[in-house]
Amino acid sequence: MIRKTSLVLLGAAAGVAITLAATQPRSMAFLSASAKAAAADTYRQLNLFGDVFERVRADYVEKPDDAKLVEQAINGMLNGLDPHSSYMDAKSFRDMQVQTRGEFGGLGIEVTMEDGLVKVVTPIDDTPAAKAGVMANDVITQLDGEQVQGLTLNQAVEKMRGPVNTKIKLTIMRKGQDKPIEVSITRDVIRVRSVRSRVEGDDIGFIRISQFNEQTSEGLKKAITDITTQLGKDKLKGYVLDLRNNPGGLLDQAISVSDAFLERGEIVSTRGRNAEETQRYSARAGDLTNGKPIIVLVNGGSASASEIVAGALQDHKRATILGTRSFGKGSVQTIIPLGNNNGALRLTTARYYTPSGKSIQAKGIVPEIEVLQDVPDDLKSRSDTKGEASLRGHLKTQEGEEQTGSQSYIPPDVKNDKALNMALELLRGTKTNPAFPPNTKAAQAPQQ
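Numbering-wise (the numbering used here), the sequence shown opens with residue 1 and increments by one.
A portion of the hints provided could be inaccurate.
Unchecked claim - Straight-line distance between alpha carbons at most 25 Å, and here's what the computed DSS-like set of lysine-lysine pairs gives:
id	residue 1	residue 2
1	Lys131	Lys159
2	Lys169	Lys179
3	Lys386	Lys396
4	Lys431	Lys415
5	Lys358	Lys441
6	Lys119	Lys169
7	Lys233	Lys317
8	Lys233	Lys292
9	Lys292	Lys431
10	Lys221	Lys235
Treat the hints as calculated values from the structure; they're not laboratory data.
Take these sequences, add in the hints, and give me the full structure.
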């Protein structure tokens with residue numbers, strides 16, 4: 001297959017990072033004899049596929065859908081490589097782009113499904129839904145006159161999204177109201193908040209990153225500024241960076257987030273099949289937190305881009321990692337658009353390595369301080385995430401033993417969150433641990 005210059009998206013976990021890759025068409029005339037023989041053998045295998053395809057079309061008990069047959073064959077080929085390589089049809093590709101952009105045309109409400117109806121968790125501040133008076137716990141029963149009952153949550157969300165400046169009518173049941181309320185809302189650009197922050201007590205900044213999308217880096221900068229302004233540099237004792245259950249996202253955003261806490265040095269490197277494909281990413285001068293102590297929270301649900309951040313700060317001894325072992329996804333996927341509205345390939349093209357040269361593939365980031373949560377009895381069977389090493393067909397680790405299975409439960413009540421409370425106590429000095437603060441002289445990462 002000839003590949004010409006194209007936009008590809010390099011990424012990790014659920015997300016991707018955009019880069020421009022140029023490839024030159026290759027002619028059979030310049031191939032060696034052995035390469036030509038290999039190519040001929042490949043074409044013979046493709047002929048076999050063609051024979052099977054035609055036999056299925058001709059003899060299957062029911063008339064098959066040709067497009068679906070081809071899509072399933074492509075998926076089978078990619079899924080056989082590893083768990084993260086796959087084919088995305090046009091709709092899946094568009095959905096992925098919306099997710100990684102972190103913005104879309106919509107109403108601005110966080111919703112869940114309850115008893116077959118859509119329930120509003122919360123309206124997002126300064127969005128069309130909030131301005132129209134939609135409230136938390138409102139139950140949406142109809143969308144433009146169509147019953148919500150019978151739709152999946154994704155189908156309902158899809159209907160609420162749409163082009164900016166278009167209208168949609170919501171029929172809402174509200175506690176204390178006898179009759180349904182009809183609300184007409186004009187869609188606007190909604191930006192997904194991947195960063196949330198608050199002040200803990202009057203001395204510590206708490207920053208939660210739920211995913212890495214195109215809004216994350218700016219959201220982090222704003223969070224640091226807000227916390228510093230609210231507390232003042234002298235009063236601020238440090239930061240808790242919460243990456244628990246963060247599945248990953250954009251590679252460039254993970255690099256920018258790491259850079260915000262580092263003065264210099266390598267952040268991450270990616271290595272493909274060939275040595276010349278190695279890429280290294282380094283921090284630029286300027287620690288936005290002015291060297292304040294940092295504790296990073298991770299658990300079994302922290303994957304990919306979040307592991308890049310944790311690994312960089314750990315290797316540079318810039319932060320202490322606290323919690324449970326992370327997921328262990330140490331591979332990079334390239335998203336290759338196929339053109340003509342044919343979707344895209346998600347193909348594993350590289351492994352990534354922490355600054356000290358360690359691969360976390362199928363092993364994860366091991367925290368310096370392990371803290372296990374108290375899990376309610378009814379949730380104990382679901383409180384662990386099995387991890388990368390448990391996925392069928394995963395890339396094998398290149399060093400050491402594989403590890404899998406780690407707690408991913410986060411108590412809904414902050415008072416019961418043992419990991420967070422331990423971090424706060426360490427930052428305030430009411431508890432001590434040899435791993436905090438980290439010994440910067442023992443940093444494993446090369447400095448530049």
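Each hint tested on the structure:
In summary, the hint linking Lys131 to Lys159 is supported, as the alpha carbons are separated by about 20 Å, within the 25 Å threshold. For the proposed pair Lys169 and Lys179, the alpha carbon gap of about 16 Å is at most 25 Å, so the pair holds. Taking the CA atoms of Lys386 and Lys396, the gap is about 15 Å. The hint holds against a cut of 25 Å. Taken as a hint, the Lys431 and Lys415 pair is honoured in the structure, with Cα atoms around 17 Å apart against an allowance of 25 Å.
As the CA atoms of Lys358 and Lys441 are separated by approximately 19 Å, the hinted pair is consistent with the 25 Å bound. In summary, the hint linking Lys119 to Lys169 is supported, as the alpha carbons are separated by about 16 Å, within the 25 Å threshold. Note on Lys233 and Lys317: the hinted pairing holds, with a Cα-Cα distance of about 22 Å set against a maximum of 25 Å. For the given pair, Lys233 sits about 9 Å from Lys292 by alpha-carbon distance, which is consistent with the 25 Å threshold.
Simply put, Lys292 and Lys431 have alpha-carbon atoms about 18 Å apart, close enough for the 25 Å limit, and the pair holds. A distance of roughly 19 Å separates the Cα atoms of Lys221 and Lys235; the hinted pair therefore holds under the 25 Å criterion.
Of the numbered hints listed earlier, not one is contradicted by the structure.
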